[in-house]
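S.K.: Top to bottom, those sequences are chains A and B.
Using the numbering used here, the first residue of the first sequence is number 154, and each one after it goes up by one.
Using the numbering used here, the first residue of the second sequence is number 154, and each one after it goes up by one.
Treat the hints loosely; a few may be bogus.
What the hints assert, rightly or not - Facing chain A, from chain B, some residues (calculated, C-beta under 8 Å):
hint : residue
1    : Gln178
2    : Gly181
3    : His228
4    : Leu231
5    : Lys645
6    : Leu651
7    : Phe673
8    : Pro676
9    : Leu680
10   : Phe685
11   : Ser687
12   : Ser708
13   : Val715
14   : Leu716
15   : Ala723
16   : Tyr726
Said to hold, decoys possible - 30 Å max Cα-Cα, derived DSS-like pairs, lysine-lysine:
hint : chain 1 : residue 1 : chain 2 : residue 2
17   : A       : Lys627    : A       : Lys577
18   : A       : Lys470    : B       : Lys702
19   : A       : Lys702    : B       : Lys471
20   : B       : Lys471    : A       : Lys645
Claimed, not checked - One side only, chain A facing chain B, incomplete, derived with CB under 10 Å:
hint : residue
21   : Ala623
22   : Gly625
23   : Ser687
24   : Leu716
25   : Arg731
26   : Gln733
The set of hints was computed from the structure by calculation and includes no laboratory data.
Since we're looking at a predicted model, the values are computed, not measured.
Backbone N, C-alpha and C fix where the C-beta goes; we use that ideal spot for every residue, glycine too.
Number of protein chains: 2
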Amino acid sequence: MKMPFMQAVRERVLVLDGAMGTMLQERGLKAGQSPEEMNLTAPEVVAGVHRAYLEAGADIIVTNTFGGTKAKLDHYGLGDQVARINAEAVRIAREVAGEDAYVAGSIGPTGRFVEPVGDMSFDEAHALFTEQAKALIDAGCDVISLETFLDIKEIRAALIAIRELSADIPVIAMLTFEEKGRSVLGSPPEAAAITLEAAGASIVGSNCGLGVDGIYDILCAMRKVTSLPLISQANAGLPILKDGVTVFPGTPDEMTAYHDRMLGLGVRVIGGCCGTTPAHIAAIKEALSGKQTPFTAREDDGTTWISSRGSFAAIGKKHPVALIGERINPTGKKLYSQELREGKVSYIRREALEQTELGATLLDVNVGTPGIDEPAAMERAVFCITGAVQTPLVLDSSSPEALEAGLKSADGKVLINSVNGEEKSLAAVLPLAKKYGAALVCLTLDDAGIPAEAEGRVVVAQKIADLAAAAGIKRSDLVVDCLTLTVSAEPKGALVALEAVRRVSELGLNSTLGVSNISFGLPCRPLISSTFFSMVMAAGLTSAIVNVKEAPMMSAWRSAMVLLGKDVNAAGYIDAYRGQAVGATVQPAVAAGSASPAQPEAAEPEGIRGRL
Amino acid sequence: MKMPFMQAVRERVLVLDGAMGTMLQERGLKAGQSPEEMNLTAPEVVAGVHRAYLEAGADIIVTNTFGGTKAKLDHYGLGDQVARINAEAVRIAREVAGEDAYVAGSIGPTGRFVEPVGDMSFDEAHALFTEQAKALIDAGCDVISLETFLDIKEIRAALIAIRELSADIPVIAMLTFEEKGRSVLGSPPEAAAITLEAAGASIVGSNCGLGVDGIYDILCAMRKVTSLPLISQANAGLPILKDGVTVFPGTPDEMTAYHDRMLGLGVRVIGGCCGTTPAHIAAIKEALSGKQTPFTAREDDGTTWISSRGSFAAIGKKHPVALIGERINPTGKKLYSQELREGKVSYIRREALEQTELGATLLDVNVGTPGIDEPAAMERAVFCITGAVQTPLVLDSSSPEALEAGLKSADGKVLINSVNGEEKSLAAVLPLAKKYGAALVCLTLDDAGIPAEAEGRVVVAQKIADLAAAAGIKRSDLVVDCLTLTVSAEPKGALVALEAVRRVSELGLNSTLGVSNISFGLPCRPLISSTFFSMVMAAGLTSAIVNVKEAPMMSAWRSAMVLLGKDVNAAGYIDAYRGQAVGATVQPAVAAGSASPAQPEAAEPEGIRGRL
Ligand SMILES: [Zn+2]
Ligand SMILES: [Zn+2]
Ligand SMILES: [Zn+2]
């Protein structure tokens with residue numbers, strides 16, 4: 154009896170097998186023929202490939218089901234054979250593997266793009282992956298391997314579907330990256346890893362596209378944002394054209410040149426993709442001998458990672474205070490409310506662009522206005538924004554239906570704004586966050602209202618954190634909103650919020666505040682707001698919901714980043730303010746912003762990003 | 154054997170005797186004759202007055218030496234009799250008092266004004282009071298009573314002189330106030346009490362000038378700033394002209410009408426001044442019967458009180474953050490340096506006026522420039538500033554001689570800037586602060602330099618506090634400068650200062666920072682400075698050395714006062730910014746400043762000030 158797959162991954166580095174397609178071609182697969190059909194028509198051929206890899210030393214045999222979704226099988230008129238083809242594939246691999254190897258059920262892309270890039274809805278993608286994954290799981294695979302995905306939105310849908318089928322099955326999730334270090338649809342490795350971990354992956358990494366050197370760089374970038382075990386499944390080098398034929402030149406020895414570094418990074422599964430053969434797998438196996446140490450996950454540093462398709466943002470003590478642009482919110486905004494009622498998105502698009510340009514780290518998206526279909530409006534808003542900018546999103550709604558529409562529409566891992574300590578809110582929102590892999594703003598109020606003192610707010614935060622943990626949501630995915638009460642109405646409002654932020658920070662939780670609310674009803678509001686902002690940043694606030702168009706807010710933020718040691722050499726500050734006179738206007742030139750820490754780039758770890 | 158005088162004051166309320174002058178007139182003192190000469194020429198008459206008050210129930214007999222300084226006796230050609238007249242007076246009172254009463258050696262004003270109001274130097278005043286007080290103390294009086302002073306500068310000189318003669322002798326210090334609640338030379342009771350306590354008074358209060366109701370209001374105001382035992386020595390009502398003769402209409406019963414309130418306030422000595430007779434004293438004694446409770450000094454709330462002749466300022470947690478105007482400092486100011494070399498004061502005067510107008514709570518005075526007589530320059534600067542504004546002073550020099558010149562020139566209790574933890578500095582500055590009754594800025598550096606971490610700075614602060622305590626300087630008279638290192642050179646500079654301020658605040662010590670230094674070398678410096686200022690105010694900073702002409706500094710301060718609950722109903726903020734646009738200029742109209750918390754007025758307690 155083999156030990157559970159994830160236990161094996163923690164105890165030793167596992168070798169996954171190599172390429173299937175080329176092996177099948179060598180064994181008779183014709184151009185235009187479905188490789189997966191061979192599970193039905195030539196099971197012995199498939200088994201032969203598995204056997205070759207098993208004999209080469211593979212610990213994991215991958216089923217011949219890469220194109221096993223209905224969308225793919227439909228090309229061959231096999232769309233009604235999904236369950237049978239996938240089940241047979243597992244059976245074949247299972248028989249070869251016996252007790253010597255694990256069976257990984259392979260799932261590849263559908264070949265279609267998800268909305269709004271393509272025409273496949275989230276629900277369609279979800280259904281396709283559910284069908285295939287159910288067949289693989291029911292047939293008894295040990296692990297599912299999502300391979301060669303180009304689009305984080307599609308692989309995210311696959312993960313969400315699998316996790317609905319089984320909370321426990323190990324899932325390997327891999328995207329393919331190009332030489333510039335982004336996936337075909339523009340995702341950097343960090344955005345991919347953040348999204349994959351949030352959606353429920355057990356192991357993340359990359360397959361195909363690059364050789365071991367390229368994959369190593371990808372995995373280094375991923376390691377900055379995840380403590381999951383990693384997987385490397387490189388091609389045998391970059392393809393070259395030789396006498397009109399594409400050839401992968403990597404020798405078995407070259408495949409193992411990065412092993413020590415890979416192991417140091419926490420790579421726990423190593424296999425091969427295009428161009429690899431049993432000889433490569435044997436070399437990999439050989440190179441690992443005597444180098445097996447147990448996996449120790451890097452400690453969670455408490456950072457809340459949020460991602461979009463093309464970027465990502467950090468909320469945490471080690472990072473600049475994240476600026477959540479507050480302006481996509483119809484409260485008090487007639488024009489935007491009107492557009493929401495008319496189904497228009499020009500205000501949203503403009504604000505997404507402008508807030509991003511001015512330095513917003515994240516964009517709050519609120520479409521709550523009376524008399525509209527809020528879920529539809531949320532989807533429209535998310536599609537509009539993700540088409541215009543790469544800034545990660547904060548979905549802001551009190552409607553669980555609208556939140557779910559936004560969660561389906563989003564490309565990556567979003568921040569939900571918000572859950573609170575009320576029974577009803579917890580019951581509705583925690584499952585959504587878990588299912589769709591979102592982080593959570595936690596308002597420190599409950600059925601008894603807003604606690605007047607910091608102590609009460611901390612108690613609510615702790616209660617939400619406990620319930621979130623029970624629901625499988627990580628503590629580092631919580632951002633506690635300590636609540637800003639208007640100081641002109643509530644003279645202790647600022648002091649209580651400051652104390653609450655300090656306490657929440659001491660608990661190791663991330664925090665946020667709707668800063669501007671502090672100054673309601675007073676003249677020259679940005680003066681009060683920016684002073685309060687400075688104070689709460691020093692007290693440990695890790696994100697803030699602010700109007701990035703208020704110059705005093707941005708100058709407080711830029712200054713605070715220097716003072717709190719988060720703008721090294723004041724580079725961002727100097728870029729923003731060099732040569733500017735203070736007093737007349739303190740708004741920095743917009744153009745200068747791109748190199749300032751206001752930009753999502755600055756929140757990104759180094760590594761592969763430096764090469765972009 | 155009587156118990157020590159101060160022990161008696163703590164155990165019960167003592168009755169002091171009544172008027173001496175009118176009693177002597179009734180017993181043969183002629184117009185144009187020296188009352189004090191009677192100590193030599195008619196000791197039995199003087200003894201008779203004492204005996205009448207003793208029999209009426211007085212616990213304290215006051216010697217007939219009110220005009221016993223050489224300056225006064227010179228008018229009668231008795232200037233060479235100071236020692237004899239004062240010694241005889243004590244002997245006469247001592248004989249009458251026996252073991253039944255204490256003898257208080259009376260000292261009144263010299264009749265001359267101290268520079269720059271008059272032509273008497275501090276040293277001359279000091280010498281006159283030293284001569285008289287030495288005679289009284291040597292003759293064995295139990296306590297000295299400084300009475301009927303009009304000028305806090307003169308009574309301060311007297312106290313400093315007495316404390317050099319004896320650290321232990323109890324000293325009662327009383328100014329006379331007019332009906333508007335200020336002394337003739339414009340001191341409010343709070344400024345008087347702060348100055349008197351600092352200069353070494355054991356009991357403070359007021360005599361003459363007002364009836365018991367007026368004195369009660371004066372003492373209420375004093376109580377806001379001192380926890381010393383108080384003394385009331387009222388006239389028998391306000392004088393009225395009756396048939397061409399001045400008459401004090403207060404009956405003995407009227408004299409006692411305020412007793413309960415007086416006792417509640419901590420008045421521990423009650424006597425009478427003009428118009429009071431043994432009948433009044435007997436009534437006072439009678440009214441106290443059965444109302445004796447021990448004195449419990451109000452707990453020191455940690456406030457550092459600073460005074461000028463006409464105003465006062467508070468540094469402490471319960472008060473707005475005190476703004477120390479930094480601009481009277483030649484560093485980097487060519488014009489001012491030039492004027493210092495030429496002995497001119499126009500820059501100083503202008504900056505004193507402008508900084509006060511803009512909201513400075515205190516004015517830093519630094520005259521340190523190469524090649525000048527710094528002590529002389531310091532005296533000139535102090536005289537110039539005290540002639541122009543009432544804003545209390547911070548004497549800023551590394552020269553003990555210059556500091557001493559400033560301490561002699563000042564009207565009230567100043568803040569010395571600074572002592573530090575170096576042996577040499579402690580040895581030079583602590584005695585000066587003790588002798589002249591000054592508060593102390595304590596720089597957190599020592600012979601080993603500036604500690605890099607907050608912990609080290611707190612250790613230095615604690616060391617200075619311990620040595621200051623040993624030197625007789627109150628902990629609440631220390632203002633710890635946690636040191637601002639330029640963040641562009643010292644990336645942790647702001648974080649260390651923030652932490653140090655927090656720690657110092659937790660120790661119950663007041664704090665200050667030279668805020669602007671944080672931003673040296675960066676563009677748009679006020680943005681960084683004001684953000685840092687906001688942070689340190691929230692961390693518990695109680696004063697700051699700032700450029701009040703920088704609009705962002707003042708807006709940070711005004712905003713912080715609202716946020717930290719020190720600008721009730723945001724009244725000061727609204728006055729300053731109502732109707733102003735933010736962004737273009739954030740400098741409030743100067744005219745609006747007068748009602749804002751920026752003004753020294755706002756730092757003043759209520760009570761009698763409300764009537765001014
Ligand atoms: Zn490949
Ligand atoms: Zn492959
Ligand atoms: Zn009098």
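S.K.: Please go over all the hints and tell whether each is borne out by the structure.
M.R.: Here's how the hints hold up against the structure:
1. A hinted interface residue such as Gln178 (chain B) counts as satisfied when its beta carbon comes closer than 8 Å to some beta carbon of chain A; here the least separation is about 59 Å, so the hint is violated.
2. Residue-level restraint check for Gly181 (chain B) is violated (minimum Cβ-Cβ distance to chain A is 66 Å; threshold 8 Å).
3. Taken as an interface hint, His228 (chain B) does not check out: its beta carbon lies about 59 Å from the nearest beta carbon of chain A, beyond 8 Å.
4. For Leu231 (chain B), the shortest C-beta to C-beta distance to chain A is roughly 63 Å, which exceeds 8 Å, and the interface hint is violated.
5. Interface hint status for Lys645 (chain B): upheld, as the beta-carbon distance to the closest one in chain A is roughly 6 Å, under 8 Å.
6. Interface restraint check for Leu651 (chain B): the shortest CB-CB distance to chain A comes to about 6 Å, inside 8 Å, so the restraint holds.
7. Checking Phe673 (chain B) against chain A by beta carbon gives a least distance of about 11 Å; that is not within 8 Å, so the hint is violated.
8. Evaluation of the Pro676 (chain B) hint against chain A yields a held restraint, the C-beta minimum of about 4 Å falling below 8 Å.
9. A distance limit of 8 Å between C-beta atoms decides the matter here; for Leu680 (chain B) the minimum to chain A is near 4 Å, and the interface restraint holds.
10. For Phe685 (chain B), the interface hint holds, the least distance from its beta-carbon to any beta-carbon of chain A being 5 Å, beneath 8 Å.
11. With a cut of 8 Å, the hint placing Ser687 (chain B) at the interface with chain A holds, because the nearest CB-to-CB distance is about 4 Å.
12. The interface hint given for Ser708 (chain B) is met, as the beta carbon of that residue sits about 4 Å from the closest beta carbon of chain A, less than 8 Å.
13. Annotation: interface hint on Val715 (chain B) holds; nearest CB of chain A at approximately 6 Å, less than 8 Å.
14. Interface hint status for Leu716 (chain B): upheld, as the beta-carbon distance to the closest one in chain A is roughly 4 Å, under 8 Å.
15. Because the beta carbon of Ala723 (chain B) sits about 6 Å from the nearest beta carbon in chain A, less than 8 Å, this interface hint is met.
16. Interface hint status for Tyr726 (chain B): upheld, as the beta-carbon distance to the closest one in chain A is roughly 7 Å, under 8 Å.
17. The hinted pair formed by Lys627 (chain A) and Lys577 (chain A) meets the criterion: a straight-line CA distance of about 21 Å does not exceed 30 Å.
18. Pair hint Lys470 (chain A) plus Lys702 (chain B) does not hold up; C-alpha atoms about 35 Å apart against a cutoff of 30 Å.
19. Restraint check: the Cα-Cα separation between Lys702 (chain A) and Lys471 (chain B) comes to about 35 Å, which exceeds 30 Å; the hinted pair is violated.
20. Between Lys471 (chain B) and Lys645 (chain A), the direct Cα distance comes to roughly 14 Å. Compliance with the 30 Å bound is thereby established for this hinted pair.
21. The beta carbon of Ala623 (chain A) comes no nearer than 35 Å to any beta carbon in chain B, farther than 10 Å, and the hint placing it at the interface is violated.
22. Taking 10 Å as the C-beta cut-off, the interface hint given for Gly625 (chain A) is violated, the closest approach to chain B being about 36 Å.
23. For Ser687 (chain A), the interface hint holds, the least distance from its beta-carbon to any beta-carbon of chain B being 4 Å, beneath 10 Å.
24. Taking 10 Å as the C-beta contact cut-off toward chain B, the hint placing Leu716 (chain A) at the interface holds, the least distance being around 4 Å.
25. Because the smallest distance between the Cβ of Arg731 (chain A) and any Cβ of chain B comes to about 5 Å, under 10 Å, the interface hint for this residue holds.
26. A distance limit of 10 Å between C-beta atoms decides the matter here; for Gln733 (chain A) the minimum to chain B is near 6 Å, and the interface restraint holds.
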